[in-house]
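Visitor: So you can see what is in the structure, the chains are spelled out below.
Protein chains: 2
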Amino acid sequence: MKVIVDCHGADLGVPAAVEGALLALSGSPTLEVVLCGRREEIKACLDGKNYDSARLSIADAGEPVTNDDTPTVAVRRKKDSSMVRALTMLGEGGGDAVVSAGNTGALLVGVNILVKCVKGVKRATMASVVTSLKGTPTLIADMGANVDCKPEMLFAFAVMGSEYMRRALDVDSPKVALLSNGREKEKGNALNHAAYELLEKGTFDFIGNVEPTDLMTGEADVIVTDGFAGNMTIKAYEGMGKAMMSVIKEGIMSGGVKSKLGYLLLKDVLRQVKKKLSADEVGGAVFLGARGVVVKTHGASTAESYRKSVLNAEELAKRNIPKAMEEGMAKYEYSND
Amino acid sequence: MKVIVDCHGADLGVPAAVEGALLALSGSPTLEVVLCGRREEIKACLDGKNYDSARLSIADAGEPVTNDDTPTVAVRRKKDSSMVRALTMLGEGGGDAVVSAGNTGALLVGVNILVKCVKGVKRATMASVVTSLKGTPTLIADMGANVDCKPEMLFAFAVMGSEYMRRALDVDSPKVALLSNGREKEKGNALNHAAYELLEKGTFDFIGNVEPTDLMTGEADVIVTDGFAGNMTIKAYEGMGKAMMSVIKEGIMSGGVKSKLGYLLLKDVLRQVKKKLSADEVGGAVFLGARGVVVKTHGASTAESYRKSVLNAEELAKRNIPKAMEEGMAKYEYSND
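First to last, the protein sequences are chains Y and L.
The first sequence: position 103 = 102 (numbering that gives the first Met the number 0), numbered continuously.
The second sequence: position 104 = 103 (numbering that gives the first Met the number 0), numbered continuously.
There's no promise every hint is true.
As the list claims (entries may be wrong) - In silico EDC-like links for lysine to aspartate or glutamate, alpha-carbon gap of 20 Å or less:
(1) L/Lys273 / L/Asp213
(2) L/Lys184 / Y/Asp147
(3) L/Lys241 / Y/Asp213
Hints were generated in silico from the structure; no laboratory data involved.
Can you make the complete structure from the sequences, with help from the hints?
Guide: Encoded structure:
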């Protein structure tokens with residue numbers, strides 16, 4: 000399988016992307032890698048490295064997309080950037096998957112316009128697989144790509160999310176839940192009420208509402224939400240972690256050694272929970288519904304994050320996840336228009 | 000000032016409400032209390048207690064509203080309940096404030112229908128005052144009463160929230176922020192974008208977006224949000240606390256004494272943060288925009304919670320907060336219809 004790596008966009012720059020791609024290459028004999036980015040920078044990173052050159056190529060690119068770029072403008076104007084080139088190549092059949100650490104908004108726009116969506120899907124959704132406290136994977140869609148959703152979109156997230164769990168992660172009969180502000184069917188806003196009605200009609204295992212407090216319990220395997228609520232929930236989790244660290248720091252000011260030990264312990268617990276909440280642990284977030292595999296790795300990605308994401312992308316391409324999404328959606332008349 | 004106490008609806012039942020009211024009575028010489036509920040139960044709680052009987056009366060009531068009741072049905076059918084009687088009494092001028100620990104949804108419906116709203120306000124909002132990590136009060140509106148909002152409603156929350164901070168809590172020039180999933184003006188969903196445009200036109204100090212991570216930093220004095228997002232955020236904070244407790248508990252299973260000490264410490268930190276996030280610390284949540292003072296005390300209220308809430312309600316009535324809300328809204332043409 001041919002994975003195109005967008006080498007720009009991560010905080011650690013081109014070296015992390017290239018090193019991660021090389022690690023992935025040596026980890027999978029079936030993998031072919033296209034390093035997309037400024038040729039000279041990539042070549043400098045490859046210099047002196049040992050790798051199977053028959054399975055590696057470079058696709059030259061110009062000025063990269065940055066996080067300050069407005070998504071639509073970036074995709075329209077920076078046609079020469081590594082992100083736009085990588086997505087265009089995928090859309091034109093020049094590869095099986097793309098891995099990028101770049102601007103999430105631009106990536107979403109690029110996926111929808113350049114890679115396009117499978118039949119029955121109008122807009123791709125960014126899904127994140129987190130690790131529950133039980134150790135099981137939980138897919139959350141949407142995580143912030145689509146902030147304004149219609150009920151039909153949440154239904155499509157449920158269909159694609161459960162197909163993904165089955166086909167990519169071998170979860171036999173994934174439980175699907177709707178993220179709401181209460182367990183009862185009556186809870187939630189107008190969008191949730193309408194989505195609930197649709198979800199009840201799905202052939203997947205819909206278990207009703209779960210609350211933000213249930214995000215990590217592993218009770219549901221797929222949690223659907225509009226991107227605004229999904230993003231707000233994750234950011235609030237982060238906020239609580241920060242608040243607790245702040246309270247214990249203040250305790251150290253007024254307290255003694257006990258607090259200092261507690262600070263270190265709390266820091267470790269926080270690190271563990273953050274790791275579980277991070278999609279990078281399982282190889283990046285995925286754009287479901289696109290006609291090709293597109294994996295988003297974190298902006299703070301290291302070579303190890305790239306390695307995981309590239310191998311994950313190859314595996315998803317081998318399992319033909321885009322096709323699985325199309326087959327899942329074909330069962331329903333709804334379109335997430 | 001005459002404060003009507005809805006004696007039913009709290010987990011600890013009538014005794015906590017009555018004891019709290021008596022504590023408040025002995026704490027404020029200007030306070031008059033009406034205990035609304037089943038006369039015999041209230042009398043049993045008063046038996047043998049020492050109090051100024053000239054400032055205490057009982058308003059008999061029938062079957063109470065429960066948390067299982069559908070809000071509109073409860074208000075329409077249980078006309079004899081302590082909650083409906085208390086709100087009706089307030090609406091008819093038979094008192095200056097109501098304190099209730101009952102069904103939040105029913106309370107909101109009751110406030111809108113029986114107490115009614117001031118001019119310029121179509122629906123009351125439930126505002127919660129939390130304590131920031133700096134120790135300053137932060138008002139959050141809406142906290143879950145109005146799950147579907149129009150931009151004009153969020154604007155009204157901002158107007159009323161800043162008037163409340165000024166008139167009830169003596170904060171001179173409160174900073175107002177919009178809760179969103181990013182700092183930049185472009186972040187947020189369609190509701191937030193439209194609300195942002197309106198908020199920029201207000202005469203209050205609008206500082207832009209804050210994220211769920213900023214909820215407790217004290218950067219904003221008033222945070223406006225629709226009730227769905229507000230409720231989700233608070234529940235996610237709770238979820239992160241639970242997740243961290245769960246991870247450390249698992250650590251104890253596999254670890255030693257250090258983890259156990261850490262567990263106790265984490266528990267204490269969590270308790271401190273929860274206390275800061277609880278509106279009960281400052282005397283309950285308040286329904287802004289109602290024509291009378293209505294304070295919601297927590298379902299788990301103790302006598303001490305009731306004492307604080309009753310004294311808070313009296314103070315808010317003395318400061319004529321409903322009038323302040325009306326005056327605030329009179330400056331604008333928008334109505335939160």
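Visitor: Could you run down the list of hints and mark each one as holding or not?
Guide: We went through each hint and held it up to the structure:
no. : hint                : in the structure
1   : L/Lys273 / L/Asp213 : holds, 16 Å
2   : L/Lys184 / Y/Asp147 : holds, 16 Å
3   : L/Lys241 / Y/Asp213 : holds, 9 Å
Every hint from the earlier list agrees with this structure, and none is contradicted.
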